[in-house]
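Q: Residue strings, one per chain:
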Amino acid sequence: MKQFDTTDLPVKPRIKKLIADLFEKLPEIEADRAVLLTQSYKQTENLPIIKRRALAFYNICENIPITIRDMELVVGSATKAPRGCQVFPEYSYEWLEAEFDTVEKREADPFYISEETKAKLKEVYPYWKNKTTSELATAYMAPEARLAIEHNMFTPGNYFYNGIGHFTVDYGKIIKIGYRGLMEETAAELSKLNIFDADYIRRKEFLESVIICCDAATIYAKRYAALAKDMADSCPDPERKAELLTISKNCKKAPEYGATSFYEACQCFWFIQMLLQVESSGHSISPGRFDQYMYPYYKADMDKGILTREFAQELTDCIWVKLNDLNKCRDAASAEGFAGYSLFQNLCAGGQTEDGLDATNDMSFICIQASMHTRLPAPSFSVRVWNGTPNIFMIKCAELTRTGIGLPAYYNDEVIIPALMSRGATLQEARGYNIIGCVEPQVPHKTDGWHDAAFFNMCRPLELVFSNGMDKGVQVGLKTGDVTKFNTFDQFLNAYKLQMQYFIQLLVNADNAIDCAHADRCPLPFQSAMIDDCITKGKSLQEGGAKYNFTGPQGFGIANVADSLYAIKTLVYDEKKVTISQYKDALMNNFGKGYTKKAISNMLKEAAEHLSAQGKPVTKEILNDMFEALRDNTLCTDAEKAAYDKLLSLIDDVPKYGNDIEEVDMFARNSAYIYTRELEKYKNPRGGMYQAGLYPVSANVPLGEQTGATPDGRLANTPVADGVGPFSGKDKFGPTAATNSVSVLDHAIASNGTLYNQKFHPSALAGLSGLQSFADYIRAYFDRKGMHMQFNVVSRETLLDAQAHPDQYKSLVVRVAGYSALFTTLSKSLQDDIINRTEQTFGM
Amino acid sequence: MHNILETKGRIFDIQRYSIHDGPGIRTIVFLKGCALRCRWCCNPESQSFEPQNMFFGGKNELVGEDVTVGEVLKTVQKDIFYYRRSGGGVTLSGGEAMLQPDFANDLLEACHMAGINTCIETTGIAKWEVIERFLGNLDYVLMDIKHMNNEKHLEYTKQPNTKIIEHAIKIAAAGADLTIRTPVIPGFNDNVEDIEDIAKFVKLLPGEHHLHLLPYHRLGEDKYAGLNRDYFYKGIPPMDTERMKVLLDAAKRVGIEAQIGG
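Top line first, the protein sequences correspond to chains W and P.
Residues in the first sequence are numbered consecutively from 1, following this note's numbering.
Residues in the second sequence are numbered consecutively from 1, following this note's numbering.
Read the hints as simulated data drawn from the structure, not as lab findings.
Quantities reported herein were computed from a predicted structural model and do not represent experimental measurements.
Hints are supplied without guarantee of correctness; some may be wrong.
Derived pair list, reagent style DSSO-like, types lysine-lysine, alpha-carbon separation capped at 30 Å [what the hints assert, rightly or not]: (1) P:74 with W:785; (2) W:446 with W:176; (3) W:759 with P:59; (4) P:152 with W:732; (5) P:59 with W:732; (6) W:646 with W:598; (7) W:577 with P:59; (8) W:122 with W:51; (9) P:152 with P:223; (10) W:828 with P:74; (11) W:17 with W:204; (12) W:569 with P:170.
Please work from the sequences and hints to get the whole structure.
A: Okay, here's the thing in structure tokens:
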């Protein structure tokens, strides 16, 4: 059995200072990249697009302002201001221009933007008119698909507005051979070409572009070497001066020639990671198995006696902080779906080696400790668990979970490895997998996964079954027939399947249109240089250069769809307690309940537009009347409201997903197949297949706002279910029952990832025995072929919120010695007891 | 021969993912009916053998359900993956589970046959012949010793402690894996002398046994209201953490393994 050094190390004051400096101000938007990009583009109009991209990258690396922040040991900042972001007009720009004056005040992820920056951006924006990927994608897209997007059936907004991201490059290789090594490899490939080859021209252009990019990265690093040297020369503090000189040395050598020490490897890693995010605006550029490719440098230095564990920890902590220095400004709607300024730079520890041995090493523990020390959103820290994972690793992970920061996320090798093999990976490749972005597994530096291709709201096609494909007076979906004439559940289910199939086909059209637009307008030579087989194939990732190509749009709302279908089957067709017409009527009237304020304001806006379009007056009185009618739903009579309440109570009594009831859980499994199996039939333009994910990130809230009432009793414009978990408040038998239900889903077929959130009270993780039970609990879920699990350990704040909003926390179980209870059923004074106890049990 | 899966009994709750009542992750089956009437009892609905109405969690519920061993086993088996990983299993609690000996024994035997580890939380009040029958079906025994003073015990639980103490010795002598638990109750036994007495008793038991001190909490209070009963400890705050540490130290000084909580 391997032994690890797992003693806790204290956090250094430097790290605390770096974090404090980082979060001092609102993040800021900067214009330098956009200006340099545009400047280069204007001079290269006659060149092939791949070379234009390379030359633009070169121009940026050579001229973008650089900065070394106070006390940093690992340097390289994409912006002058901490946590700032650059702008990427080649993808889209209109939204930012429209939000210039609101982006600072918006609720989700606000950014400061100076008047000077606005002016600079306004100057370059006209150049980009009709040149962006989003404009081309719109032109490529079928009108039906555009209509479906307008009606929020699915939202491919992520890649429509931004770069793709969602990949892991070969960090280990670049750290080892440097950009010069990569350049030589590319030059060798170039020399193999014959000028008479059919694809000579494209290959040559691509390979030359790669060389330009390698050169650019080296130049960028050397600028930092020079800056560090200058700063050292004028530094009065001898200690900092020495640090700056080391930094200078690291920057001068490592990125170009490769690293020979752990510290150099850290610096090298960082330049790769940050420059990838200067080249394109894609998010989820994931460092992957950091503990694996960094360990050889750690081990060698430790063996030589030139590195201490303390310093390795401090450097790793510095990288963790730097990952939070990168930022991205999204459009207001996307910002809500990806709330929290997150770039989803997923970093992985543990698991197996490609040979199937346990991969846990001392760096794995340093990674856990770094997340403990920094307690920041980045990196999205993941751990791989397999049957051979050491218990001490699980215990340390559980300790991190107990801090309440929601990390790490736990992944099951025993499901993911076969799932990837079912998609064509070799056994060795599959064992080497890492996680991209939120929860998406893939073979590192060989995959262009397009993992976050769209959100597909599975509840919306269900709505359209009731309206015969109509949405807001427009035929958006198929005409599947008058729902009130369906005499059997099979007829109903079939209509749902047809609507689903139709929208999946439109989704494929939309994603493929965006895919083509990226290949045509934004191929990315720098990232392609570090992903197999782009160099040997002689083409970029965007043109299908990767060994494995996928498109992975994620469906969400499984719990609502399963509960809805099961309720309709039970109440309408089996027990005949209500007619389908009554059901339809209740849904159209939101079960007689009023609407949310936000929903009403949207409805009024639409109504006002309708009225004025018809030339009718829009007065304050009319709007006010409408507002009140909608809020109180006065359009329904009391008798109707009573009937709706009765229906809601009938629905409430129908068994729900999440309670370990086999029949219902099988319904959920089959509901998920309606999405996952259909999607597998389609192909993308890079020669790969579609594969489903089942998770909404945080989009279940904003997209739930666009969703009408559903037959499971969920009211209009409220959030839909989170991940693959039960609908909020519907699971009533504790964590094992809910988890058993979730494990009934076929996780392996959702090879783009599934996401399962659970809430725990800290008392459940108190003491070593609490940590052990928690670790065992995860292992048992994984024995049952669950794929992913992450935890909110509820804080005192959450409990206070639960006290204020009991409806949203119906299933929150609190456990105290020898007794457990649903928190919201306890009296106020007892709740207070538990709230006060939370803090105490936390550190036990 | 009778089919043990069909034996009937009366339960009032099944609680899954319990991590404080025996080793690992466990499912607790609460059997209805008790011979003691502890003033602090946090499950007052467990005391009567008869089904009764309780207003709890905003609803009027009938507490007490007649079930077969097979039905209970079906629920207990659902978490078998968690037991295997954690060394957990089933724990019978109550009320006093040994007061439904046929049902409880058959349930334990059925669990054993399904490969599930078994445990009981008991007051030790049943007849020795009954307790002896159980021992063969139990992997682990959690038994309460609430007070060494008979009068005090009688006053606060309505039962003397003489048989209970005798049974603890016999259970230990029979070689059972036994842990003694003591609810620490304000004004009853929350003083160093009383805890020391219990600890000394644990030390004298044949074999090595641990002592768990369970601090008084008032999470049962709402249930008393739901049953239209007065709550003896109304307004009394839960045990102070510092005070518990003092008592724990006292127990440890006697020379036994002790801990706070289960």
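Q: Against this structure, judge whether each hint is valid.
A: Right, here's what the structure says about each hint:
1. P:74 with W:785: Within the cut-off at roughly 21 Å; holds.
2. W:446 with W:176: holds (18 Å)
3. W:759 with P:59: The hint holds at about 25 Å.
4. P:152 with W:732: violated (40 Å)
5. P:59 with W:732: holds (15 Å)
6. W:646 with W:598: Roughly 27 Å between the alpha carbons, so the hint for residue 646 (chain W) and residue 598 (chain W) holds.
7. W:577 with P:59: holds (24 Å)
8. W:122 with W:51: Since the Cα atoms of residue 122 (chain W) and residue 51 (chain W) sit roughly 26 Å apart, the hinted pair holds (cutoff 30 Å).
9. P:152 with P:223: Given that 30 Å is the threshold and the Cα spacing comes to 25 Å, the pair holds.
10. W:828 with P:74: violated (36 Å)
11. W:17 with W:204: Answer violated: residue 17 (chain W) to residue 204 (chain W) is near 48 Å, above 30 Å.
12. W:569 with P:170: violated (58 Å)
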